[in-house]
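Listed below, chain by chain, are the residues.
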Amino acid sequence: MQGNALDITTETRHLDGVLRPALIVCGVLATIGIGGSLLLAKGSEGGMDHLLETYLVSFAFFLSISLGALFFVLLQHCTRAGWSVVVRRVAEALAGNVWLMAVLAIPVVLGMDHLYHWTDAAAAAHDPLLAGKLGFLNPSFFIVRLIAYFIIWGVMASFLHRTSIAQDKSGDPGLTLRMERFSAPGMVLFALSLNFAAFDLLMSLDPHWFSTIFGVYYFAASVVAFLAVMPKILYGLQTRGILKNAVTVEHYHDFGKLLFGFTVFWAYIAFSQYMLIWYANLPEETEWFLKRQTGEWTTVSLILIFGHFVVPFLLLVSRFIKRRPLLLALTGGYVALTCWVDIYWLVIPEFSPGVARFGLLDILCLLGMNGVFSAAVLFRLSRHSVIAEKDPRLEESLAFENA
Amino acid sequence: MSTGNTTRSDRAALYGYLVAFDKVDELLVAAAAVRDAGYTRWDAHTPFVIHGLDVAMGVKKTVLPYIVFLAGLTGAAAGILLQWWTNAVDYPFLISGKPLFSLPANIPVAFETTILFAAISALVGMLALNGLPQLSHPLFSNRSFKRVTDDRFFISIEAQDPLFEVAKTRELLESVSDQPVEEIEELS
Numbered sequence: 007m008q009g010n011a012l013d014i015t016t017e018t019r020h021l022d023g024v025l026r027p028a029l030i031v032c033g034v035l036a037t038i039g040i041g042g043s044l045l046l047a048k049g050s051e052g053g054m055d056h057l058l059e060t061y062l063v064s065f066a067f068f069l070s071i072s073l074g075a076l077f078f079v080l081l082q083h084c085t086r087a088g089w090s091v092v093v094r095r096v097a098e099a100l101a102g103n104v105w106l107m108a109v110l111a112i113p114v115v116l117g118m119d120h121l122y123h124w125t126d127a128a129a130a131a132h133d134p135l136l137a138g139k140l141g142f143l144n145p146s147f148f149i150v151r152l153i154a155y156f157i158i159w160g161v162m163a164s165f166l167h168r169t170s171i172a173q174d175k176s177g178d179p180g181l182t183l184r185m186e187r188f189s190a191p192g193m194v195l196f197a198l199s200l201n202f203a204a205f206d207l208l209m210s211l212d213p214h215w216f217s218t219i220f221g222v223y224y225f226a227a228s229v230v231a232f233l234a235v236m237p238k239i240l241y242g243l244q245t246r247g248i249l250k251n252a253v254t255v256e257h258y259h260d261f262g263k264l265l266f267g268f269t270v271f272w273a274y275i276a277f278s279q280y281m282l283i284w285y286a287n288l289p290e291e292t293e294w295f296l297k298r299q300t301g302e303w304t305t306v307s308l309i310l311i312f313g314h315f316v317v318p319f320l321l322l323v324s325r326f327i328k329r330r331p332l333l334l335a336l337t338g339g340y341v342a343l344t345c346w347v348d349i350y351w352l353v354i355p356e357f358s359p360g361v362a363r364f365g366l367l368d369i370l371c372l373l374g375m376n377g378v379f380s381a382a383v384l385f386r387l388s389r390h391s392v393i394a395e396k397d398p399r400l401e402e403s404l405a406f407e408n409a
Numbered sequence: 262m263s264t265g266n267t268t269r270s271d272r273a274a275l276y277g278y279l280v281a282f283d284k285v286d287e288l289l290v291a292a293a294a295v296r297d298a299g300y301t302r303w304d305a306h307t308p309f310v311i312h313g314l315d316v317a318m319g320v321k322k323t324v325l326p327y328i329v330f331l332a333g334l335t336g337a338a339a340g341i342l343l344q345w346w347t348n349a350v351d352y353p354f355l356i357s358g359k360p361l362f363s364l365p366a367n368i369p370v371a372f373e374t375t376i377l378f379a380a381i382s383a384l385v386g387m388l389a390l391n392g393l394p395q396l397s398h399p400l401f402s403n404r405s406f407k408r409v410t411d412d413r414f415f416i417s418i419e420a421q422d423p424l425f426e427v428a429k430t431r432e433l434l435e436s437v438s439d440q441p442v443e444e445i446e447e448l449s
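Taken in order, these protein sequences are the chains called A and B.
Heads up, the first sequence is in our numbering, so the first residue is 7 and it goes up one at a time.
Heads up, the second sequence is in our numbering, so the first residue is 262 and it goes up one at a time.
A portion of the hints provided could be inaccurate.
Unchecked claim - Derived pair list, reagent style DSBU-like, types lysine-lysine, alpha-carbon separation capped at 35 Å:
{"no.": "1", "chain 1": "B", "residue 1": "284", "chain 2": "B", "residue 2": "429"}
{"no.": "2", "chain 1": "A", "residue 1": "238", "chain 2": "B", "residue 2": "321"}
{"no.": "3", "chain 1": "A", "residue 1": "238", "chain 2": "B", "residue 2": "322"}
{"no.": "4", "chain 1": "A", "residue 1": "297", "chain 2": "B", "residue 2": "359"}
{"no.": "5", "chain 1": "A", "residue 1": "250", "chain 2": "A", "residue 2": "48"}
{"no.": "6", "chain 1": "A", "residue 1": "263", "chain 2": "B", "residue 2": "429"}
{"no.": "7", "chain 1": "B", "residue 1": "284", "chain 2": "A", "residue 2": "263"}
{"no.": "8", "chain 1": "B", "residue 1": "284", "chain 2": "A", "residue 2": "250"}
{"no.": "9", "chain 1": "A", "residue 1": "238", "chain 2": "A", "residue 2": "175"}
{"no.": "10", "chain 1": "A", "residue 1": "139", "chain 2": "B", "residue 2": "359"}
{"no.": "11", "chain 1": "A", "residue 1": "175", "chain 2": "A", "residue 2": "297"}
{"no.": "12", "chain 1": "B", "residue 1": "407", "chain 2": "B", "residue 2": "322"}
{"no.": "13", "chain 1": "A", "residue 1": "396", "chain 2": "B", "residue 2": "359"}
{"no.": "14", "chain 1": "A", "residue 1": "396", "chain 2": "B", "residue 2": "429"}
{"no.": "15", "chain 1": "B", "residue 1": "321", "chain 2": "A", "residue 2": "250"}
{"no.": "16", "chain 1": "A", "residue 1": "263", "chain 2": "A", "residue 2": "139"}
{"no.": "17", "chain 1": "B", "residue 1": "359", "chain 2": "A", "residue 2": "250"}
Derived from the structure by calculation, the hints contain no laboratory data.
Let the hints inform the model, and build the full structure from the sequences given.
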């Protein structure tokens with residue numbers, strides 16, 4: 007039983023006039039970011055290496071947003087969720103950006119020799135551990151795997167987006183069933199591919215180290231990142247008159263609840279990984295945390311504990327912020343930044359032990375990729391209605407109220 | 262049935278009025294009307310959760326979350342204290358070369374006691390705030406009220422309500438429902 011559904015016949019559901027100025031802002035961001043970071047990197051010694059490293063951070067961060075979105079869309083179909091129908095198109099557009107991320111993976115592949123120690127055949131010759139992993143960790147298989155991941159994610163995201171758009175025209179409820187049937191096995195594929203991608207892209211930065219929960223850690227980070235940016239995007243659309251009535255405070259409240267839950271989940275997984283390694287105290291496992299607990303990285307670790315867990319926990323535990331769209335959007339933006347710091351903390355200590363050399367280059371690179379990523383999302387959103395028009399559960403979503 | 266000559270004291274004390282509704286929408290409208298009339302001691306009874314009923318009834322926010330939060334904090338502190346006292350003070354016990362009091366090892370237990378305290382306080386607090394357990398209730402003596410677990414929706418207004426007036430309250434309920442307003446007697 008629900009309250010009365012809103013009438014949204016007059017709702018603004020196309021980006022139209024908003025698209026152009028937004029794309030210009032994105033373009034400026036991208037130009038400043040890419041141009042500035044390249045100039046800065048060229049001008050300093052080892053700058054290109056540093057750029058490549060921070061590029062991997064931002065790449066993994068924006069990939070995590072797309073993957074979080076893909077997970078969200080799959081989950082809504084798996085659970086036949088009604089509340090989320092009105093926000094699902096935005097998530098579909100974010101998920102569709104895995105195709106963009108596939109293109110943005112090219113610099114990572116080209117810079118493989120610098121980023122991944124295991125690509126060095128000479129090193130493997132003296133290192134029995136590397137030699138033993140050569141069957142898996144070698145450049146050609148790495149590239150094949152990356153291609154496979156992006157095809158899996160891209161096909162899933164495109165299928166769910168296209169089918170939903172086809173429903174906008176035909177209104178065929180059978181399409182919903184089809185997406186639901188697709189999503190359950192899709193979820194299994196998603197879990198496997200995300201796990202291995204996390205192993206390949208981030209864990210193999212230290213090829214000696216291994217942690218079976220690492221994939222889950224990246225999964226938790228992905229879902230948090232997606233849930234953090236979602237209120238921000240919705241708020242941005244609404245202040246420009248789009249989805250103004252269809253998305254209500256109830257939808258924000260649910261994003262707040264999910265963000266709260268997955269923030270706790272992230273902390274739970276992070277601690278699970280830490281505690282087992284700390285307790286067993288085996289040198290081949292503890293070295294990874296040792297790197298992140300020496301020098302300036304100690305501070306970054308503490309920033310993560312408090313900034314990425316304690317503060318969001320306290321902010322989101324009550325209804326207060328969750329039911330105020332602007333405050334939730336701001337909180338989400340803050341959490342998204344800590345998600346980026348989290349990935350920075352995963353990657354950079356491998357290249358810069360002891361020194362958390364955060365600087366302008368990192369900011370420029372993040373801004374540049376933000377411009378490209380946002381432009382692609384906006385473009386994808388602008389081509390269709392931002393509401394899943396004839397979804398059989400749209401009424402339910404419009405009338406949704408938290409009990 | 263009651264005439265002007267019978268006084269309240271002749272019979273069992275009046276608990277309040279009860280009125281039934283066939284549809285959720287009718288209930289929501291009626292609840293809003295009772296809320297707007299300013300009543301405070303009244304309730305809506307339904308077979309299942311109805312979204313939007315809280316707003317229609319003007320139910321105030323519960324204090325339960327604060328109780329649970331405080332209990333959770335207490336649980337975390339209790340868990341840490343317990344481990345500190347037993348492992349590091351009362352009976353120092355060295356395990357695999359770790360410091361006698363080391364936070365990472367204590368977090369799982371502290372986490373569990375947090376959940377335990379929070380969950381118990383949520384249950385006990387919910388019962389206490391609702392005045393439960395209660396062995397019986399005046400409404401249960403009404404025959405038609407039995408359908409509240411099946412396909413009827415009800416509103417009851419207690420005679421204890423400061424605004425309650427035999428005639429006026431009955432009039433209000435009659436105006437919001439096309440079904441008869443019933444008198445409910447206090448438990449004897």
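Report the numbers of all earlier hints that the structure fails to satisfy, in ascending order. 5, 6, 11, 13, 14, 16 and 17
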